[in-house]
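S.K.: Listed here are the chains, written in short residue letters.
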Amino acid sequence: MSAGNEYAVELKGVSFKRGDRAIFNDIDIRLPRGKVTGIMGPSGCGKTTLLRLIGAELKPSQGEVWVNGQNLPQLSRSELFDMRKQMGVLFQSGALFTDLDVFENVAFPLRVHTKLPEEMIRDIVLMKLQAVGLRGAVDLMPDELSGGMKRRVALARAIALDPQILIYDEPFVGQDPIAMGVLVRLIRLLTDALGITSIVVSHDLAETASIADYLYVVGDTQVLGQGTPEELMNSDNPRIRQFMKGTPDGPVPFHFPAANYREDLLGGR
Amino acid sequence: MRKQSPLERLRLFGRAGIDVLATLGRSCIFLVRALFGRGTSGNALQLLVKQLYSIGVMSLAIIVVSGVFIGMVLSLQGFSILAKYGSEQAVGQMVALTLLRELGPVVTALLFAGRAGSALTAEIGNMKSTEQLSSLAMIGVDPLKYIVAPRLWAGFISMPLLAMIFSVVGIWGGAMVAVEWLGVYEGSFWANMQSSVSFREDVLNGLIKSLVFAFVVTWIAVFQGYDCEPTSEGISRATTRTVVYASLAVLGLDFILTALMFGDF
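Listed in order, the protein sequences are those of chains A and B.
If you read the first sequence in the working numbering, its first letter stands for residue 1, the second for the next number, and so on.
If you read the second sequence in the working numbering, its first letter stands for residue 1001, the second for the next number, and so on.
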């Protein structure tokens, strides 16, 4: 067993490739138990891929991914599904089941993994929906919800079983300022009150930095930097500084690698 | 377009062959895991009944309407040919044998591929593109058991039943045209049919055919959905592939099965 009690998730020497393109190259990441850890980085740097590696949806080309003391690439298919019961994942799109209404979406994990009586399932679902401010939307179908509301219902579903690890993929996208404030407080509250390990993947700097105990900045197939939000804000590393201050000029390019702009315009195809 | 060297063409040919074999391998693992993997969470019977309704019951209309018309056409065509030889009384026998042995299983499978098969592919493909399959997996529920297995079993169960319904309504349509319209004596129509149709040779073999078609068509449909590229274009291509592959597989298998069942080797 590699991960002690201190770390809920550990990535050791992980490399991952899509075709010939390396997304990660020998990265090490440790996510402390019972804390909010933010994973940040520019768009397309592989943040969501990192979450999928932690959830064992993807297998690393190389390296070990330890979650709660289990090395995921070595688990059998059925062991993986058992392990995932300890996890809750909030997908970027919400990924609600379109044939079920809001109530049934949130009740789904409770129905498949527990034998709770119907009254108790109802109470738990209403409590989870109350926490995300959508108890009133209990009878709506997913196509009647806005993008932000879908993600909040998905969050209620992700916390339905009170998981030990909660993974949030861009939780703040599309939220109005009120919902954003509630979500930020909720993530912090869930972590502090229930001792959940929260992993927030986001490029919303201010919100993530305001709740994260620890931050990783990834990019260019590497971990560019790590530390508390204050440490990263005051970092001397020009890449970290550029990202944390959001400036277009710096070592991290804004543009995807391309041929010379002038030549491209004048040369035609 | 750049001209390819013979070596490059050979390489591409080899690559295509490897891709086909890899897809076949994936589809076999997919099928075994879906059918024989560890039990699913949730109510398997409830999931199966839901799929039986959407795959089987919802296909009834197209099967019944097509069956009636095909039986009617068979009767009309058969009558006009048999009348030349003064054997129009055998039209009942011809309609029944054609439907039970061939058209019942084959046309049902083709209609099933077009109606239910394409819907299965599009539905599962859409679930993949909207991350619903990933979401299920992350909740700790195996999508192969929860989404794929009930659809596979529902296809296996419903298509043979639909094929039987197709044959029955086809024979009824044929009788309507032959007896009511063309004036074939009703007694001869049914008596000829009864004396020439063998349960083991005709009905059972037709049923076996439709079971094989059900297996292949449903397998192709769910695998194409599960394996598709999760984009609009990918889903559209997978849906087309389902209809094309399933139709070709049905027609090819029909020849093999017919040769095995009715060929005098």
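Some clues are possibly wrong.
From the structure, some residues in chain B lie toward chain A, with a derived Cβ separation under 10 Å [to be verified]:
#1 1038
#2 1089
#3 1136
#4 1137
#5 1142
#6 1241
#7 1244
Think of the hints as simulated: they come from the structure by calculation, not from any bench.
Just so it is clear, the structure is predicted and the values come from calculations on it, not from any experiment.
Glycine residues also receive a C-beta, built at the ideal position from the N, C-alpha and C atoms.
S.K.: Have a go at the residue 1038 (chain B) hint: is there a Cβ in chain A nearer than 10 Å to its own Cβ?
M.R.: holds (5 Å)
S.K.: So, as I understand it, the hint says residue 1136 (chain B) touches chain A; can you test that by seeing if any CB pair is closer than 10 Å?
M.R.: At 8 Å from the nearest chain A Cβ, residue 1136 (chain B) passes the 10 Å test, so the hint holds.
S.K.: Would you settle whether the hint for residue 1142 (chain B) is holds or violated, based on the nearest Cβ-Cβ distance to chain A being less than 10 Å?
M.R.: holds (5 Å)
S.K.: So, residue 1137 (chain B) near chain A? Judge it on the closest CB pair being under 10 Å.
M.R.: At 7 Å from the nearest chain A Cβ, residue 1137 (chain B) passes the 10 Å test, so the hint holds.
S.K.: Taking 10 Å as the limit, does the beta-carbon of residue 1241 (chain B) come near enough to a beta-carbon in chain A?
M.R.: violated (23 Å)
S.K.: The hint names residue 1244 (chain B) as touching chain A; please verify it with the least Cβ-Cβ distance against 10 Å.
M.R.: With a closest approach of 27 Å, the residue 1244 (chain B) hint is violated.
S.K.: Quick check on residue 1089 (chain B) please, does its C-beta sit within 10 Å of some C-beta on chain A?
M.R.: violated (53 Å)
Violation of the numbered hints given earlier is confined to hints 2, 6, 7; the remaining hints are satisfied by the structure.
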